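Chain by chain, the residues:
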Amino acid sequence: MCLAIPGRIVELLPERENLALVEVSGVRRKIDVGLLAEDPAKAGDWVLIHVGFAMSKISERDAADQMRVLAMLGEDEAAMQEIEGYGLVHAIRR
Amino acid sequence: MRFVDEFREPELIAKAAQEIRRLADSQRHYRLMEVCGGHTHAIYRFGLKDLLPPNIELIHGPGCPVCVLPMGRIDDGLSMTEQPDVIFTAFGDMMRVPGTRGSPLEYKARGADIRLVYSPADALKLAQANPDRHVMFFAIGFETTAPSTALTLMRARAQGVRNFSVFCNHVTIIPAIRAILDSPDMRLDAFIGPGHVSTVIGCRPYEWIARHEGKPIVVSGFEPLDLLESIVMLLRQLREGRAEVENQYKRVVPWEGNRAALHAMAEVFQLRPYFEWRGMGFISQSALRLRDSYAEFDAEQRFRIPGIRVTDPKAAQCGEVLKGVLKPAQCKLFGNECTPERPVGALMVSSEGSCAAYYNYEHRKAALTALTMPAPAP
Numbered sequence: 001m002c003l004a005i006p007g008r009i010v011e012l013l014p015e016r017e018n019l020a021l022v023e024v025s026g027v028r029r030k031i032d033v034g035l036l037a038e039d040p041a042k043a044g045d046w047v048l049i050h051v052g053f054a055m056s057k058i059s060e061r062d063a064a065d066q067m068r069v070l071a072m073l074g075e076d077e078a079a080m081q082e083i084e085g086y087g088l089v090h091a092i093r094r
Numbered sequence: 001m002r003f004v005d006e007f008r009e010p011e012l013i014a015k016a017a018q019e020i021r022r023l024a025d026s027q028r029h030y031r032l033m034e035v036c037g038g039h040t041h042a043i044y045r046f047g048l049k050d051l052l053p054p055n056i057e058l059i060h061g062p063g064c065p066v067c068v069l070p071m072g073r074i075d076d077g078l079s080m081t082e083q084p085d086v087i088f089t090a091f092g093d094m095m096r097v098p099g100t101r102g103s104p105l106e107y108k109a110r111g112a113d114i115r116l117v118y119s120p121a122d123a124l125k126l127a128q129a130n131p132d133r134h135v136m137f138f139a140i141g142f143e144t145t146a147p148s149t150a151l152t153l154m155r156a157r158a159q160g161v162r163n164f165s166v167f168c169n170h171v172t173i174i175p176a177i178r179a180i181l182d183s184p185d186m187r188l189d190a191f192i193g194p195g196h197v198s199t200v201i202g203c204r205p206y207e208w209i210a211r212h213e214g215k216p217i218v219v220s221g222f223e224p225l226d227l228l229e230s231i232v233m234l235l236r237q238l239r240e241g242r243a244e245v246e247n248q249y250k251r252v253v254p255w256e257g258n259r260a261a262l263h264a265m266a267e268v269f270q271l272r273p274y275f276e277w278r279g280m281g282f283i284s285q286s287a288l289r290l291r292d293s294y295a296e297f298d299a300e301q302r303f304r305i306p307g308i309r310v311t312d313p314k315a316a317q318c319g320e321v322l323k324g325v326l327k328p329a330q331c332k333l334f335g336n337e338c339t340p341e342r343p344v345g346a347l348m349v350s351s352e353g354s355c356a357a358y359y360n361y362e363h364r365k366a367a368l369t370a371l372t373m374p375a376p377a378p
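Each protein sequence line maps, in turn, to chains D and V. Just so we're aligned: the first sequence equals residues 1 to 94 in the working numbering. Just so we're aligned: the second sequence equals residues 1 to 378 in the working numbering.
Only chain D is shown next, with the shape it has when bound in the complex:
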């Protein structure tokens, strides 16, 4: 929740304003890009994602670094679980 997940904007979706398709390690999900209003997101941008919302734009290199940090912290699986979980509401797995 507090560590951001890096992803690449694949495209802005026509179904609603500020909805974008993002790709994180090959997984594509919809996120909200409304918090980037000052410098609107476009296809190809790299962003940091918190709880389904893009919070800031970053460089491709910083995105790769952030992914590596998540892996080093042992948080990469949880991050991918979060990304895969966007758009779904879960029965609790445990």
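If you're looking for bench data, these hints aren't it; they were derived computationally from the structure. Note that the coordinates shown come from a computational prediction; the quantities given were computed from them, not determined experimentally. Positions of the beta carbon are idealized from the N, C-alpha and C atoms, including for glycine.
Okay, the calculated bits of chain V under chain D, using three or more residues with CB under 8 Å as the criterion: (1) 36-42; (2) 255-262.
Once the Cα atoms are required to be at most 30 Å apart in a straight line, the calculated BS3-like pairs of lysine-lysine come out as: (3) V:LYS125 - D:LYS42; (4) D:LYS42 - D:LYS30; (5) D:LYS30 - V:LYS108; (6) V:LYS250 - V:LYS49.
Once you have looked at the hints, place chain V on chain D.
Relative to the frame of chain D, chain V by itself:
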């Protein structure tokens, strides 16, 4: 130096560690607080303490939102599950956090309709898909997640959704730092400032720490090299008698923060006059509630909330650990009655809590060393 092999720039790491040893005055003891739970996790995971001289002490701060939430708020949130039509939604981090009568997960096992969401937007979607039910989202987090809750509420209102509410537990980092600085048993030399919170609030809100408290603060990234560089920057300031806000994480954190995110927060939230923090007591203007213009989405206004206050178990010393007065292992319950598998205190629940981080890395390392040491000769 156990994780050094994984580090991408081992020679730069070694250089930074050397610079830290050069800058640190051997006659002086340094107490540096990392405010953010993500940094706490990183410091333990990377074994960074092993790279620092013994007179540099890292104190773990209050920046883990799950950890600072008082048990009464969990009870209050869960009390809403008694309403027959309510669906309780929360992030995964909340699911194992114990309330007086169990965690959300245990409530679920007893039949409450509790669902895990990864985004507040999905809680709103659930409400739209279930117009005959009421969906309540248990919101937690600092300024990293508060803007997302705000924007979700703005969308809910724009779309005229009537069966959605937020139980707001968002807290703000600056008053917590102030409370720590005001605490008489707390002596700190400098701060490692939070990384991702600062992408939202920027660096300006920290200026009073430097200007009025005379303490250096460096906003830091999460990589081992980031954290070591930040410590170098703090030591330089201390050595030169400066107290400034510096930004080590410039590649991600803009000085002014994210204006759109701040605007969304200002539109939806207002400061509560005071809010209780676990282990730290009541801190004025330290948390957010929904503005009256969003009252219809405010779970605290829509439902009768009992307003439960629970004293933490006496033996658990979460407060002292949270304020950095005690190390996790100095708590009486640590490692026996309170473990990540069966947490008593909240600092053991989240991987960003200092007790869980300490348990997962230091405690296991020590146990492993003890196991692999040859038995002493009889």
